[in-house]
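Student: With chain B held as given, fit chain D onto it using these hints.
So the sequence lines, in the order shown, correspond to chains B and D.
Take the first sequence: its letters are residues 1 to 412, numbered as in the numbering used here.
Take the second sequence: its letters are residues 1001 to 1332, numbered as in the numbering used here.
Each hint should be verified, as a subset may be incorrect.
What the hints assert, rightly or not - One-sided and incomplete, this derived list gives chain D residues near chain B with beta-carbon spacing under 10 Å:
{"hint": "1", "residue": "W1042"}
{"hint": "2", "residue": "F1111"}
{"hint": "3", "residue": "E1128"}
{"hint": "4", "residue": "A1159"}
{"hint": "5", "residue": "Q1164"}
{"hint": "6", "residue": "H1188"}
{"hint": "7", "residue": "S1217"}
{"hint": "8", "residue": "Q1320"}
{"hint": "9", "residue": "F1329"}
{"hint": "10", "residue": "Q1330"}
To be verified - In silico negatives: residues of chain B with every beta carbon more than 10 Å from chain D:
{"hint": "11", "residue": "P4"}
{"hint": "12", "residue": "T42"}
{"hint": "13", "residue": "T59"}
{"hint": "14", "residue": "A67"}
{"hint": "15", "residue": "R133"}
{"hint": "16", "residue": "T218"}
{"hint": "17", "residue": "T219"}
{"hint": "18", "residue": "T243"}
{"hint": "19", "residue": "L244"}
{"hint": "20", "residue": "E257"}
{"hint": "21", "residue": "P295"}
{"hint": "22", "residue": "P309"}
{"hint": "23", "residue": "E325"}
{"hint": "24", "residue": "V402"}
Treat the hints as calculated values from the structure; they're not laboratory data.
Keep in mind the model is a prediction, meaning the values are calculated, not measured.
Glycine included, C-beta positions come from ideal geometry on N, C-alpha and C.
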Amino acid sequence: MKFPFPTPPSEAPRVVVTGAGIITALGVGWQANAEGFRAGRTAFRPVTLFDVSRHRVKTAAQVDLPALPPMHLNPRQLSRLDRASALLLLAAGEAWQQAGWERTDNLPVVLGTTSGGMLLGEDYFRQAVRTPRRHRRQPTRAFHYQAQTQGRMLLDALDISGPITITSNACASGTCAVGLAWELIRRGQAGRVFAGGYDVLSEMVFSGFDALQALSPTTCRPFDARRDGLAIGEGAAMLALETLESAQRRDAAILGEIIGYGTTIDLHHLTQPHPEGNAALETMSLACRSAQVTPADVDYINAHGTGTPLNDGAEAKAIARWAGERAATLPVSSTKASIGHLLGAAGAVESIICLMALRDQWLPPQTAFETPDPACNFPIVRKPRDARLNVALSNSFGFGGVNATLIFRRWA
Amino acid sequence: MSRILVSGLGAVSPAGWNLAAFRQAIEASHPLPIVPLARPGWDKPLRTRPVPPPATRPAFLAHPRLRRSSPITHYAASAALEALAGRDMPKRVGLIFCLQSGCVQYSYRFFEEALADPATASPLVFPETVFAAPASHVPLVETLIGDPACFLQGLALGADWLLQDRAEVCLVVGSEEINWLRADALWHLEHAAIISGGAGVVALGRDPALSIGVELSAITEALSFSARQDRPQAARAMRAELGAGVPGELLCDGLGDSPRADGPERTAWSDWTGPRLGLKRIFGEGLMAAAAWQCVAAADAVAAKRFPAAAVSLVGCNQQAIGARFVPFQCH
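Looking at chain B on its own, in the form it has when it is part of the complex (with noise of 0.2 Å):
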């Protein structure tokens, strides 16, 4: 953002997607990832990337990571290239042929990830305590497990150039960088900006929820009543957005436009939500108002939905006082049932799937749900079903308190 501010035009543009990349353990792309929910399938398997032969569990949704169709990557990059910023590419690719957008010197790149290149970073821990001590490779995993470095590999293998700007707000990462994005657009700062996700399976996380008994050793079954904690996963997805009035001067195809979005913090615990659901009940609030719409308006909540007790509790709780009576016909669904929780690549993944069910008129499923929570007084999408749908809202909650809402519009 280059200081001082253009002047915000006098009213706000409209923002639509044009391009969406997607990969989960599902598949890589929007076409396969559509297919896997609207069949109701889930993707866990085994954990191969890494010994978990000592931990509670033993599962996650690992992505079968396919060969990078040909980028702009010079064979060093390629050889340097890490399993992030090979996620990274592979959405980035998808929503770039989507958008049809030419190369440019100057197209803001705005990035949510946890934890960036971790899978180097830890290769780089373990020969660091290693002996006898060995320093071949070091400076390049030292380098390149940097997040800002799966930034750069992203504008040199589409060679483009702009600035990136990456935020870390823990689970809400995605939705932070693309409600960061539409305001960029929205505040006459940019015309399209590409934003997205993205975050891999590592040792280091999986074993951080996994020490902290967060993971079901079961199903992951958000808001049963016998949920018993979050599968992780991982995977990237990048959305091209830019104004209506670009977008209709070069006749692209238009996905769905993003119509609202809202951010607020939970002050209360730093990694437990308000019981209440103060703070997400504020945030859904929030992008409400910027979307111009009610909750008499919302046709579908893609809901954050770890499958914790306390998220899905705190999370049930504001769906309900936000809602009021339109709770008990609202339908609601956690995707993370079917791909797990894509932490810092959830929220762009998760408007991608809103995006999806917009265009298509469908409900995404939520795979696992057996025995209603009494807590949760809205329908839980259980299985894969048409309907009309013109207004979807994504949440996302994350680790210091950041929620963060999206709110997306069908295009029709």
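Tutor: Quick look at chain D alone, frame taken from chain B:
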């Protein structure tokens, strides 16, 4: 009133836990003492400039949330409170927390425990490893990560929040801590660099009555390094975009003792004939904290009327080059 003013400054550095100690070290202009830090498995210690222990335990550390928090949080909280001192606590505070390395002490400790035996790794430590942990408990917050030039992205975002009236005051924080693994990583990249820790805080506001007499005048575009624009080109573009300042302007540069890393920035400013201040020779390589110190020193120099303006040059290590300028603010 669309001007963005500096309403407070704070610093925790290897010179001590306040701005006064920071100023004294700059005035003395002598490199602060180097403290050896043991590197497991190696006879040769690493060279560091750590933050000395506080003379007395700061009262704010009694806050329950700070009981288990990392040194990064302690440094940041101290510098933030200093930046807000002498005024009523504003109701709507925005916090933009900029980090490069993050909470390495807890990350190191947790991962070491997890590798030894994941069943006994401490669940209390893991949440403190998260980048967003130090910034929790403030009403409006954003955690940005990146190379040190990211601090100026934070200042720009803070200015944007103020202009949108989302906050009365925005605290932009850069903070880092030392442990041997982080020092080891820096050694691998730049043998001559001496790692340091601490925090710097610039409080931005719009109320002239609360200004320290300094205005944020400009921040350049974030000029990313890429195949289309390498680091030297980005540094030169930043210099060109910042433009010529007023005669006698101070340049707060980011040069240290590393010929290779400093090269692009040194070249970009090779024709600079005005006064300049290089903090890394005094305080060491504090990464994001060092970037914050540059801005604190620049704004402080303008506030004290020692210079008619001050430019900040930040050529980061692996992301971007960004420049900024602070000028005097006079309320008419």
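Student: Compare the structure with each hint and give your call.
Tutor: Status of the hints after comparison with the structure:
1. W1042: This interface hint holds because 6 Å falls under the 10 Å limit.
2. F1111: holds, 5 Å
3. E1128: holds, 8 Å
4. A1159: Holds: closest Cβ of chain B sits about 5 Å from A1159(D), inside 10 Å.
5. Q1164: Where the cut-off is 10 Å and the nearest Cβ of chain B is about 8 Å from Q1164(D), the hint holds.
6. H1188: Interface hint status for H1188(D): holds (4 Å vs cutoff 10 Å).
7. S1217: Interface hint status for S1217(D): holds (8 Å vs cutoff 10 Å).
8. Q1320: holds, 7 Å
9. F1329: For F1329(D), the interface hint is violated, since the closest Cβ of chain B sits about 14 Å away, which is over 10 Å.
10. Q1330: This interface hint is violated because 18 Å lies over the 10 Å limit.
11. P4: violated, 7 Å
12. T42: T42(B) clear of chain D: closest Cβ-Cβ about 24 Å, beyond 10 Å.
13. T59: Holds, because the least Cβ-Cβ distance between T59(B) and chain D comes to about 15 Å, which exceeds 10 Å.
14. A67: Fine: 21 Å to the nearest Cβ keeps A67(B) off the interface.
15. R133: violated, 6 Å
16. T218: holds, 19 Å
17. T219: Fine: 21 Å to the nearest Cβ keeps T219(B) off the interface.
18. T243: holds, 18 Å
19. L244: holds, 22 Å
20. E257: It holds; E257(B) is separated from chain D by about 21 Å at its closest Cβ, greater than 10 Å.
21. P295: holds, 24 Å
22. P309: P309(B) is indeed farther than 10 Å from all Cβ atoms of chain D, at 15 Å.
23. E325: At about 30 Å from chain D, E325(B) clears the 10 Å cut-off, so the statement holds.
24. V402: Non-interface label fails for V402(B): nearest chain D Cβ at 6 Å, not farther than 10 Å.
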